[in-house]
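In order, the protein sequences belong to chains A and B.
Under this note's numbering, think of the first position of the first sequence as 1, with each following residue one higher.
Under this note's numbering, think of the first position of the second sequence as 1, with each following residue one higher.
None of these hints come from the bench; they were simulated from the model.
Note that the coordinates shown come from a computational prediction; the quantities given were computed from them, not determined experimentally.
A portion of the hints provided could be inaccurate.
Quick look at which bits of chain B chain A covers, simulated, 3 or more residues with Cβ under 8 Å [unchecked claim]:
(1) 27–38
(2) 183–190
(3) 276–287
(4) 296–305
Glycine is no exception: its CB is placed at the ideal position from the N, C-alpha and C atoms.
Next come the chains, spelled out residue by residue.
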Amino acid sequence: MKGESPLRLSWRRMRDDRFAMAAAGLVLLFVLAALFAPWISPQDPNDSDLLRRLQPPGWMEGGEWAFPLGCDALGRDLLSRIIHGTRISIFIGAAVVLIATVLGIVTGLLSGYLGGWVDSLISRVVDILLAFPYLLFAIGLMAMMGPGLENIIIALAYKEWVIPCRLVRGETLALREVEYVEAARAVGATGGYIMLREILPNILSPVIVVSTIRMAHVIILEASLSFLGIGVQPPTASWGSLVADGRSFIWDAWWISTFSGLAILLLVLAINVASQGLRDAFDPRLQ
Amino acid sequence: MNPGKLLERLLHLIPVMLGVSAIVFVMMLATPGDPVNIMLGEQQATPEQRQALRKDMGLDLPAPQRFVHFLQNAAVGNFGMSYFHRRPVIEVILERLPATIELTAASLFIGLVLAVPLGVLAAVRKNSWMDRLATVGSLLGISMPGFWFGLLLMLLFGVWMQVLPISGRSDLASQVPVVTQFLTVDALLAWNFTVLGSALRHLAMPALTLGLPMAAVLMRVTRASMLEVLQQDYVTFARAKGLTRRRVLFTHALKNALIPTVTMAALEVGSLLGGSMIVETVFGWPGLGRVVVESIFTRNYPLIQAAILLYALTYVLVNFMADLLYTQLNPRVRL
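Just chain A, with the same shape it has in the complex (with noise of 0.2 Å):
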């Protein structure tokens, strides 16, 4: 093992955790679902036909493999519309973790590089938007904005950059007097450069693996807001909408509700799991 680098060495030891590597398979098939959902999706995820009303699976009586999982309310095929599912769910947790990685970082490196009123004024900030229940701020926000997809980004987005921000802030409070950033001090380096040059680059493997964690999070609350009625709206197919929408004929189509909530849980599930593994790999500290 002598001479191999650390991202080489983190890399072997998520190839040799098997269960984590089967499930980062399994969160890129989604991913690949969401890329190509036009084309592999059975049938046209938003064509009714009320003769296929609430039409059970493909293997129960009165079921047609044409459509495997069975048709909603207004006769459409629940198969296509939870792979169409898929889009929304991966674009709007990658969108958020995104913009809040990106926020938290910068907010995090200024706020720990320099200290004084900077730290003290982003420290508040963070501390009251902790002191809302994450779910109940976006319930709020959405309330305020009304629905859709980028008003979910953005309400979930204003919440969700804390956590990389206070992550982020006290890996750079440690390394602020490390010799190495000493040293390019000494050499007239500026702030920015250290923060971005020096810093930035040490302290990213933990916030990778942060964020690809919290990405699990924002798919949960995105879910749960188009449950509620307050993400996106019909007739665009979002996971949480199908379960919504299921909840009416629970007595007679179970079906709807219940795979449309397995596919989240199946996603959810793989990326904690795969996360779990990079954050094992990655950076044993944070075990």
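Fit chain B to the supplied structure of chain A, relying on the hints for placement.
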């Protein structure tokens, strides 16, 4: 903790609470639509009447002044009128709050009662099938969306087995005198077990929906901290002294191992408060969470504003109390 320190900690809460209030105020300030129009709804009004109403609601004042008024009014529980109910917001909140408190308390109880013993067991029998089951259970717990879990329970116990009611609080509530407004407690006080049974059966699924995922998170924390504590010298020493296994575990180790569990439980109250909105909607539970969700669709902003403020302040106070509890669990922790 001495009274001086306690006061200092309490004073630290003030800027956070002010900040929370400011954010809630700004949220509503930025809400599109004229509150006067929303309040009037379909009713016709002359421009003069509108102006009078605007003045009456304090909407003609500059924002900073309105914020001061908002704080003054909030301090005495005056959150204005609920547009939808045509009654003071505080009345609606007080009417709905007991059901939400009953639900969250039951969920917290389920969460802790399951998490602590299972977490200890998983730590003591590390790598056994019990431990693995606990790990899988906790992974499922954090990955499962609450609303879907609620629907699955509903499908299983309400639709297929038909052993639990799928919606509402209890249809027998009128049979017992209202004392505390918590139906289970009132039924117990009246010694009426028919009503108590009905109340518990209605409470079971919503409380499990909220409590089980919480148990999963807390169990993981308890397991991890118990494993750490069991390796400490004082535990080895207690064992060497010849104390019974039970005594070492429950008297010496558990007390310290519970500190992270308490922190996490306090943080999880946030999930319970947010989650209660979802669960109350799924099970038609007549609590505050459900009325908040309904208020979004009726644009009943004063109620949303008051509820968010109330929930956030409750969350801050619960976390403050968890801090205080640390000192009881471990006197070495100084605040």
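Open item on the list: If you count the residues of the stretch 183–190 of chain B with a beta-carbon closer than 8 Å to a beta-carbon of chain A, do you get 3 or more?
Closed with: violated (count 0)
TODO: Given that the stretch 276–287 of chain B was listed as covered by chain A, double-check it with a C-beta distance under 8 Å for 3 or more residues.
DONE: holds (count 4)
TODO: Between the stretch 27–38 of chain B and chain A, see if three or more residues pass the 8 Å beta-carbon test, and mark the coverage as holds or violated.
DONE: holds (count 5)
Open item on the list: Three residues or more, CB to CB closer than 8 Å: is that satisfied between the stretch 296–305 of chain B and chain A?
Closed with: holds (count 4)
In summary, the one numbered hint that this structure violates is 2.
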